[in-house]
Amino acid sequence: MSFNRDRNAVIQQYAKLAREYDSRWSSYIRATTDATIERIPPLPGAVLDVGCGTGTLILRLLDEFPRSDVIGVDASLEMLELARSRLPTRVKLQQCWAESLPFNDDSFDTVVSCNMFHYIRQPSIALDEMLRVLRPNGTLVITDWCDDFITCKLCDIYLRWFDPSHFRMYGLSQCRALLEAARASQIQLEKYKVTWLWGLMTATARKQSSITF
Numbered sequence: 001m002s003f004n005r006d007r008n009a010v011i012q013q014y015a016k017l018a019r020e021y022d023s024r025w026s027s028y029i030r031a032t033t034d035a036t037i038e039r040i041p042p043l044p045g046a047v048l049d050v051g052c053g054t055g056t057l058i059l060r061l062l063d064e065f066p067r068s069d070v071i072g073v074d075a076s077l078e079m080l081e082l083a084r085s086r087l088p089t090r091v092k093l094q095q096c097w098a099e100s101l102p103f104n105d106d107s108f109d110t111v112v113s114c115n116m117f118h119y120i121r122q123p124s125i126a127l128d129e130m131l132r133v134l135r136p137n138g139t140l141v142i143t144d145w146c147d148d149f150i151t152c153k154l155c156d157i158y159l160r161w162f163d164p165s166h167f168r169m170y171g172l173s174q175c176r177a178l179l180e181a182a183r184a185s186q187i188q189l190e191k192y193k194v195t196w197l198w199g200l201m202t203a204t205a206r207k208q209s210s211i212t213f
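Residue numbering for the sequence shown follows this note's numbering, starting at 1 and increasing by one per position.
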């Protein structure tokens, strides 16, 4: 399967799921959103949500940090349309892939991504992009499935065979290696369960002030 066909599978899946996404996985979405919010710095400043979906995390960000300016990006137009219908007009939304963020260097104080990293076909490029748009000493927060849990490892194997939109899950050591290769600093990782099935990890890291691109 070609790279473009892989990407199209993601677009097609979320075009079908968009209308029922929030109701179908409401408990899971709430748990993962809560876990991500808890790990965002208390003064997040200008925030970019990569893979914002229907805007659930952005709504929580606005509740918790009402003075923050938040921008959301997603590859799915259908998900963005739903996000637009529920978010205030001051929140800017844009369609793009995580591997090609349409923002200038040093644009955000915080970059966050929740439940999306397992879809990324070029994770190293995506991390480079997230760090590029972060300001020096800005914070990166990524929450995603963790294949250190046996239930997730089995799901990963299944999804790789039967779900063309899925790419792969990572464990803590693999995630750390990706972040180190991207020259992130102050890397912290933790794993935890949100249901009997789904084990997650959240990675937080900083952009070194000396990084140049």
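Read the hints as simulated data drawn from the structure, not as lab findings.
No residue lacks a Cβ here, since even glycine has one placed at the ideal position from N, Cα and C.
Check the hints yourself; a few may be wrong.
Here are the computed distance ranges between Cβ atoms for each label pair [what the hints assert, rightly or not]:
1. Ala181 - Pro88: 16 to 24 Å
2. Ile150 - Arg84: 33 to 41 Å
3. Ile125 - Ser26: 30 to 38 Å
4. Glu180 - Pro41: 18 to 26 Å
5. Pro136 - Tyr158: 40 to 48 Å
6. Gln12 - Pro102: 30 to 38 Å
7. Ile150 - Ala177: 17 to 25 Å
8. Lys153 - Arg90: 36 to 44 Å
9. Trp161 - Thr89: 37 to 45 Å
10. Gln186 - Arg67: 19 to 27 Å
11. Asn137 - Gln12: 15 to 23 Å
Results of checking the hints against the structure:
1. Ala181 - Pro88: 16 to 24 Å: Violated: the Cβ-Cβ distance is about 37 Å, outside 16 to 24 Å.
2. Ile150 - Arg84: 33 to 41 Å: For Ile150 and Arg84 the Cβ distance comes to about 39 Å; the hint holds.
3. Ile125 - Ser26: 30 to 38 Å: Holds - the Cβ-Cβ distance for Ile125 and Ser26, about 32 Å, lies within 30 to 38 Å.
4. Glu180 - Pro41: 18 to 26 Å: Since Glu180 and Pro41 have Cβ atoms about 21 Å apart, the given range 18 to 26 Å holds.
5. Pro136 - Tyr158: 40 to 48 Å: For Pro136 and Tyr158 the Cβ distance comes to about 41 Å; the hint holds.
6. Gln12 - Pro102: 30 to 38 Å: With Cβ atoms ~23 Å apart, the hint is violated.
7. Ile150 - Ala177: 17 to 25 Å: The hint (17 to 25 Å, Cβ to Cβ) holds, given that Ile150 and Ala177 are roughly 21 Å apart.
8. Lys153 - Arg90: 36 to 44 Å: Given range 36 to 44 Å: holds, Cβ gap about 41 Å.
9. Trp161 - Thr89: 37 to 45 Å: holds (43 Å)
10. Gln186 - Arg67: 19 to 27 Å: Roughly 24 Å apart at Cβ, these two residues keep to the hinted range, so it holds.
11. Asn137 - Gln12: 15 to 23 Å: violated (39 Å)
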